[in-house]
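Undergrad: Using the sequences plus the hints, can you model the full thing?
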Amino acid sequence: MSDMTEIVKRISGVNPRKCMKCGKCSAACPAYDEMDYHPHQFVDMVENGRLEELMDSKGIYMCLSCFACLERCPRSVEPAKLIEAVRLAVVRQQDKNHLKPEQIPGLLDAELPQQAITSAFRKYRK
Amino acid sequence: MQELIKAKAVELLENGVCDRVLGWKAGEFFYDVTPAVFRSREEIEKDFVFGPFCGANMSKYLIAESRKEGKIAAFLKPCDTYSFQQLQKEHRIRRENVYAVGVQCEGMCDIDAMKAAGIKGILGADGDGGTLTVHTLYGDKSVERKTVLAERCKCCKSKKLLGCDEIIGGQGEELESNRFAQVEKLEAMTPDERFAFWRGELSRCIRCNACRNVCPACSCEKCVFDNPASGVENKAAANSFEENLFHVIRAFHVAGRCTDCGECSRVCPQHIPLHLLNRKFIKDINELYGDYQAGADMDTRPPLVNFQTDDPEPSVVHERGSEQ
Amino acid sequence: MQKIGVFVCWCGSNIAATVDVQAVSDALAKEPGVVFSTNYQYMCSQAGQDMIQDTIKEYGLTGVVVCSCSPRMHEATFRKTCEKAGLNPYMVEIANIREQCSWIHKDKETGTEKAIILGRAAIAKVHLNAPLTAGQSPVTKRALVIGGGIAGIQTALDIAEAGFPVDIVETKPTIGGKMTQIDKTFPTLDCAACILTPKMVDAAQNENINILSYSEVESVKGFVGNFTVTIRRKARYVDETKCTGCGLCTEKCPQKKVPNEFNLGLDNRRAIYIPFAQAVPKVATIDPNYCTMLKTGKCGVCSKVCTAGAIDYKQQDELIEREYGAIVAATGFNPISMDKFDEFAYSQSPDVVTSLEFERLMNAAGPTGGTLLRPSDGTHPHTLVFVQCVGSRCDGGEKGKPYCSKICCMYTAKHAMLTREKYPDTDVYVFYIDVRTPGKNFDEFYRRAVEEYGVHYIKGMVGKVVPENGKLKVQASDLLGGQQLHIDADMVVLAAAIEPDKSARPLATMLTASMDTNDFFTEAHPKLRPVESPTAGVFLSGACQGPKDIPDTVAQAGAAAAKVIGLLSKDQLTCNPCVANSNELMCNGCSACEKVCPYGAITYIDKDFRGPNRTTLRRRVAQVNPAVCQGCGACTVACPSGAMDLKGFSNAQIMAEVDAICK
Amino acid sequence: MQVNQEFKPTIVAFCCNWCSYAGADLSGTNRLQYPANVKIIRIPCSCRLNPMFILRAFQRGADGVILCGCHPGDCHYTTGNYYARRRMTLLFSMLDFLGIERERTRVEWVSAAEGAKFAATMNEFVETVTKLGENKRLEDLRCKS
Amino acid sequence: MKKCPVSQLDALFASVAARQKLYIPAGEAKTAAFQPWQEGMKLTDALNTVRSAKDLFFPQVENLVNFKVTGKQIEIIENRDPSEPFVVFGVRACDCRSFDILDKVFLCDPVDTYYKTRRENGVIMTLACTEPEETCFCTAFGIDPTDPAGDVSCWMDGENLYLRANTEKGETLLSELPMLSDGDAPAADKTVFDRLPLKNLPLDKFGGEHMMELFKYEKWAGLAESCLGCGACTFVCPTCQCYDIREFNTGDEIKRFRCWDSCMYSDFTLMSAGQPRPTQLERFRQRFMHKLVYYPSTHDGEFGCVGCGRCLQKCPISMNIVKVAKTLGEETT
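These protein sequences, in sequence, are chains G, F, U, Y and S. Reading the first sequence from the start, the letters are residues 1 to 126 in our numbering. Reading the second sequence from the start, the letters are residues 1 to 324 in our numbering. Reading the third sequence from the start, the letters are residues 1 to 663 in our numbering. Reading the fourth sequence from the start, the letters are residues 1 to 145 in our numbering. Reading the fifth sequence from the start, the letters are residues 1 to 333 in our numbering.
Treat the hints with care, since some could be wrong.
Once the Cα atoms are required to be at most 20 Å apart in a straight line, the calculated SDA-like pairs of lysine to any residue come out as [to be verified]:
| no. | chain 1 | residue 1 | chain 2 | residue 2 |
| --- | --- | --- | --- | --- |
| 1 | F | 222 | S | 281 |
| 2 | G | 18 | U | 402 |
| 3 | U | 295 | U | 254 |
| 4 | U | 30 | S | 280 |
| 5 | U | 172 | U | 132 |
| 6 | F | 68 | U | 617 |
| 7 | G | 21 | U | 480 |
| 8 | S | 323 | F | 44 |
| 9 | Y | 144 | S | 64 |
| 10 | U | 464 | G | 31 |
| 11 | U | 663 | Y | 137 |
| 12 | U | 172 | U | 277 |
| 13 | S | 21 | S | 82 |
| 14 | F | 115 | S | 192 |
| 15 | Y | 144 | S | 68 |
| 16 | U | 663 | F | 241 |
| 17 | F | 222 | U | 617 |
| 18 | S | 323 | F | 123 |
| 19 | U | 464 | G | 20 |
| 20 | U | 663 | S | 251 |
| 21 | Y | 144 | S | 251 |
| 22 | U | 607 | F | 95 |
| 23 | F | 46 | S | 323 |
| 24 | Y | 131 | F | 318 |
| 25 | S | 68 | Y | 143 |
| 26 | Y | 144 | S | 79 |
| 27 | F | 68 | U | 610 |
| 28 | Y | 136 | F | 199 |
| 29 | F | 283 | F | 179 |
| 30 | G | 81 | U | 395 |
| 31 | F | 222 | S | 271 |
| 32 | Y | 144 | F | 179 |
| 33 | Y | 144 | S | 81 |
| 34 | Y | 144 | S | 72 |
| 35 | U | 663 | Y | 6 |
With the Cβ distance kept under 7 Å, some of the chain G side facing chain U (calculated, not the full set) [as the list claims (entries may be wrong)]:
| no. | residue |
| --- | --- |
| 36 | 24 |
| 37 | 65 |
| 38 | 67 |
Since the hints were made in silico from the structure, they are not lab data. For each residue, glycine too, the CB sits at the ideal point set by N, CA and C.
TA: Structure representation (structure tokens):
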């Protein structure tokens, strides 16, 4: 897992140690109430090896990537980049069937292009 | 180009902008051009030249010339202007006594490169553009212009004309050059190989001081190597130590001030690639302390009289070496 | 050729146990130039010193080498010994054969061999020593304090008390500085004006203090003990000697719409003004940017009402030149601009104020007469939100200052407490990252704000403030409570970071005093010389050296004064004779040495030299001021021609030591 | 007669007066041993060290040269060691570029309190240089008689 | 006259080198130098070496004597660099002529024994020129590049090396080489030498006659103006013979040595009273006055230049004896 933490840090370019725990990111976050973990916690969890919990959390998909946290952070920690990296890390996981074939019929919708389903299936069935 | 420059020289002289003109004087052959001071229209019309063999860096002459009475007009190539500006930065040139005319440059040719191409008894050359027809004692030969360019011009760092009063031939740009390629090649060698390389090169040194005396950065009132009190003075290198000493100290003294004009290597009668020592310093400075081009501006503090509190430790040299 | 005496000390058995002292003195006796060589039990004893003195006289020694303990121990002793015997003290060299030889080697042969080599190196150096005389430079017994805030005033008062004349240069029309704008002071809650204004009056009345208000330093020349300073006395268009400070003009002036800087633009003043009631000097000043008379030539009301005839529209800036022995920088601080922090809506709502503005809103002499009212509508605020660390502790660069501004935690606690005390019906929230309260009675003060006055301290930051329907919607995080807070506030107060005054950087250049990247003055040593600049004769007082509260500022101001008094009480300064020396014949005038000199000891002059064939050449050459040079030698290596050398540690001397050691 | 005499390198240590020279004194006061081939030259500040002195030492037979000064930030003259650091870095790099063993030169920051560090540094440096053997690449044969 | 097939050149060199040290001009054209012959070494393509053969007889640095001081005693220790018999092959006619000039300086009374020993030990094998450079002007000094002097004169065509001994030393050397057979060199083709651009260098005005007139000539200033004051011309010159005697203190003893000096240097002949030639103008003038006027005036009109053209190639700013001679020669007429 610590390798994963390194990868998340590397792809995000974020150094969580720069965080001084002021909470301005969470103060600025418009999606705060939707999240189980909040921006300042993302940073703390990556730094303190709680990446797995973060990856399992639904909260990471609540982040709107509005970059308010990134814009407001006095220490240039850039939590939004971190969360995007965590989402990528989730997507890139091997042997996790994020989309099972049996789910597909339920997702079918006349409005939805077939191509999107095909792509999603390719992408999330690893 | 030559005609434009000659006309400008005459104009400046006759308008009273200056009373002397520093330029190039024709020699016995088409290539042995000499820097000279012209004082009249007649002299200029008779002997003034500008061509592919006007390689000499004119800036150093301005140290003495700018301290004389009156004003001198000088024609400076891009690399000359870097030295010109660096010398002003060091308060060596009185700018008010100089009228600087920047002349754009397409790269200078090297007569030794022509000879190295196997051409003997060279009497003259003509032809514009890519190919030169060389007239020799043994008939005409043709040669690609770019193959006989001086080494330094093949990796020209900038065509920018700095701090001139006027420009002929248009302003140029800084160029992407691979001028550190040779330094990198040496760095990649083992210390033993490097030692052998430099011993081979420096053992040819005859301490003629041409490199020092032509160098615009080596403009000390009295050089330590001429000063009996300095402890390093000598007229000839008695052994390999003194050969190393001279070139290391010289490179160190110009470090952070050398504009990389390449004159040292041009004038070396023994063809020692002395510019590599200076480039090594420039490369180190760029890598360790941030990019710095001596002479590029008038304000930036030269790297050796400057510091950052978080500069790398000298052990970086050891560490860097051990990576190889 | 020198006549050198060698004296080898046994140091009891400290040296003699592992060094054969007889062998050392015998071996060194054979060195060229050595005319006498001996060893003795304790060279530093009276008998040992007498022996050295007798030998100097008997043998006519021109140099002395003592092989003994570290020069850090007894170099001064032996120098004095030799001086008493008529030998120049700088003709003495010490070979350290104790700390660097006998004490670290067990084998006697090894120790002896090394001691001989160390002795040889010292002899080789003495051969090249030259007698050095410590220079003297006179001291002008007058000090200049730049900045008339509490730091400058305190420094000036302390210097003046010791009997030395002091000039205070203040750029504003009055002295007093930031403290005049403060309402109450932490942690005692004294009224700032009550404790400051008496000091201002003291300064004005002290015979040794000369206040040059509405003035700026134009240039500084010279060096420690001998500064020449040009001061620009800005035209205030009022004759200071005639004005009685009655204030009639400031009431009659028809130009009423001038933002009042004393109240930070929260109200207006006239074009002719006295900044505040207790101003010192209490003299009116015309603001040329707003005065109709000065701008259009039509008006002249003030001139008509002034019974003292003090108004002078033709007044010009005046340059005066004064001599000083010491200079104190006390240029102070300013809150940073809030332009870059628009998330707090400072530019969008007048009800978002900085802490300094809040001071004025609470102050009885302020725009609201001491009643806390919202600047937007003049109503009484019920909910107040204080935001700490605005622009402090940032990542540097664009975002703000990298340092902690140090005073904000305390003044915010003060504001919160005062608000709750005066208006118990208010809700006060303080958002903090950390509460930093080191200092006597400071933490107790903060705890009182929480425990007694019920201020809500919330760990977290405010993310945004949105003005909406007369309220300020504050969105913030409560990290300990794990929630995002939404507060409808009436006022938001920002604890803006502080930064050095903009005038400090050009002043530092004039003084050749160094600064850090944040434009705070650098001290000569961060621990041991905290009130001195590395430039001799320049001292630091107050927040220009780093963020400070009033007690720290006053303490430092006194310390700086003590240093100044120490300097001014000397008639002559004795200079270290081991200083750099420029050989003008070889100097290129390139300025490399000047750039590396930490003390500004090197200047350049154009000088005529005899050239070949009866010509004269004018050259730019370096000059070292021996009174300022501290002898580090940085310049000697920066100099490519070797024109710069260091007395006592010359190139030749060091190379002679190298030769002797490597032989 | 011993045929294979142990090689004892000559080491010149330039020490700044305020920190490192005092550090060396302290290692003496604490009786911390280091080889006698280390000889110290006192200079006012590390920034006084001219590259010429280093080359001179090698010319005259030194096998290693070390510069000790105050830790960066602690210079008695505020900034001297910062300049020394740049100069030495570049000089050492140049010597390395010429193929001269980079282990023969060293800079170490030793405060007045670091007597133990001084002794340890010297021990280690002497060991390194002893392994390298005699200085051949920057020698002046005239001085080796 | 003897000959040896070019294909056997290596064997010839090996045979010479077996008896004494042999130097041949070798190396890349731009750095060609006389180098001790080793198996497999090839002659350079360059017409001439960067430094002349003078170095082998008058080296740039040479030990003279040592002094040792112990107490108040000074001991004088003989410390000459050893000299052994050697052969130098491939000396061009111009360089060979330089030895006539150097001999007149070093072998006249008082004899320079350091130089003399080397002259006695050295055998000069010259090599005739066939392909001169445009900078050659030895013919202006009456030198025939196709018929060089020396102890042994050599000619080379595509097939053979022809050798002719001119002196006893030369005879001895050739007699020891078994691979030689009899044979005469074909007549040299001299036409290319007539086309040399500098062959008619005007030298009539030089010599002792117009000494003061030339000394005071106002055009020296213009000529010397761009001179950098380096010693490149003097150190590549086959006839420059100035040296300085210096001492080096090793700590144990004083080594007195001599090294080449250059009249172009600002400290040339520096005396306690100062510099007799204070500016580059005087020093520049000295060099050319010496070669073209002073030397001939005391040596029966023989010039101190052999027209090898090295200074034309090596001067950083292309100022040289030809430009000086032309400026002075033409206009003082």
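Undergrad: Look at each hint and say if it fits the structure.
TA: Each hint, compared with the structure:
no., hint, verdict
1, F:222 x S:281, "holds, 18 Å"
2, G:18 x U:402, "holds, 12 Å"
3, U:295 x U:254, "holds, 14 Å"
4, U:30 x S:280, "violated, 47 Å"
5, U:172 x U:132, "violated, 48 Å"
6, F:68 x U:617, "holds, 9 Å"
7, G:21 x U:480, "holds, 11 Å"
8, S:323 x F:44, "holds, 18 Å"
9, Y:144 x S:64, "holds, 18 Å"
10, U:464 x G:31, "holds, 14 Å"
11, U:663 x Y:137, "holds, 18 Å"
12, U:172 x U:277, "holds, 15 Å"
13, S:21 x S:82, "holds, 13 Å"
14, F:115 x S:192, "holds, 18 Å"
15, Y:144 x S:68, "holds, 15 Å"
16, U:663 x F:241, "holds, 17 Å"
17, F:222 x U:617, "holds, 15 Å"
18, S:323 x F:123, "holds, 16 Å"
19, U:464 x G:20, "holds, 19 Å"
20, U:663 x S:251, "holds, 6 Å"
21, Y:144 x S:251, "holds, 10 Å"
22, U:607 x F:95, "holds, 18 Å"
23, F:46 x S:323, "holds, 16 Å"
24, Y:131 x F:318, "holds, 16 Å"
25, S:68 x Y:143, "holds, 13 Å"
26, Y:144 x S:79, "holds, 15 Å"
27, F:68 x U:610, "holds, 15 Å"
28, Y:136 x F:199, "holds, 13 Å"
29, F:283 x F:179, "holds, 10 Å"
30, G:81 x U:395, "holds, 17 Å"
31, F:222 x S:271, "holds, 17 Å"
32, Y:144 x F:179, "violated, 40 Å"
33, Y:144 x S:81, "holds, 17 Å"
34, Y:144 x S:72, "violated, 23 Å"
35, U:663 x Y:6, "holds, 19 Å"
36, 24, "holds, 4 Å"
37, 65, "violated, 16 Å"
38, 67, "violated, 13 Å"
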